[in-house]
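Protein sequences appear in the order of chains A and B.
Okay, so the first sequence: first residue is 1 according to this note's numbering, each after it adds one.
Okay, so the second sequence: first residue is 1 according to this note's numbering, each after it adds one.
By construction, these hints were calculated from the structure, which means they are not laboratory data.
These numbers were taken from a predicted model, which means no experiment stands behind them.
Any given hint could turn out to be false.
What the hints assert, rightly or not - Away from chain A, derived, C-beta distances all over 10 Å, residues of chain B:
#1 S18
#2 E52
#3 G53
#4 G61
#5 T115
Stated by the list, open to error - Using 27 Å as the maximum straight-line C-alpha spacing, the simulated BS3-like pairs for lysine-lysine come out as follows:
#6 K71(A) <-> K99(A)
#7 K99(A) <-> K55(B)
#8 K66(B) <-> K42(A)
#9 K64(B) <-> K20(B)
#10 K14(B) <-> K99(A)
#11 K20(B) <-> K99(A)
#12 K64(B) <-> K41(B)
#13 K71(A) <-> K41(B)
#14 K20(B) <-> K56(A)
Note that beta-carbon positions come from the ideal geometry of N, C-alpha and C, so glycine has one too.
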Amino acid sequence: GESVGLHLPTLSVQEGDNSIINCAYSNSASDYFIWYKQESGKGPQFIIDIRSNMDKRQGQRVTVLLNKTVKHLSLQIAATQPGDSAVYFCAENSANTDKLIFGTGTRLQVFP
Amino acid sequence: GAVVSQHPSRVICKSGTSVKIECRSLDFQATTMFWYRQFPKQSLMLMATSNEGSKATYEQGVEKDKFLINHASLTLSTLTVTSAHPEDSSFYICSARDSSGRVYEQYFGPGTRLTVT
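Isolated chain A, as found in the complex:
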């Protein structure tokens, strides 16, 4: 299930199930979005990105969906594995700036 902690929401899934991590972004002018995975004590690792002219993009076991109408982004992980346990961040970028703005993050916990 999904719960909201003091700072970081947590999603708990069983190994082999699919995971869906959601993100709401703030800037309607943002035109590039990225999902990052961050393991404890490490820097963010690129997973997948999507431009605003697309609404879906697939990678290996991962799919990103973009709904610009409601400014919502989701990351779907198929057949979740223990190695997927980490914190996942969405980030948005606007053509007007070179900055990445990170979302609050979601902790994914995978149980055997």
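Guided by the hints, dock chain B onto chain A, whose structure is given.
Only chain B this time, still in chain A's reference frame:
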């Protein structure tokens, strides 16, 4: 390719001292690097944008005299935390943009854990 390193990975210093953190792009040139700070269980917050050969641009609320940034070459940016205090204890992460790559693409370093006692 596109590897970014940080040094040190961990540092413990006493309150009032200064600490320098290095960020290097190992196999590409980076005219722009970014410095982020991350507190436990929180997201990455952009502190400043570092441009090679010019002054850094700081985000609102970040003290430029406390967090000194120098981007003296196309492969190295440094962040110096001056007169560090316990509240500066955090995870500092840099990223670098490949000058020849897509404008949006940033490569992240492994982070530096700073503990101020």
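Of the numbered hints stated earlier in the document, which are not met by this structure? 10 and 14
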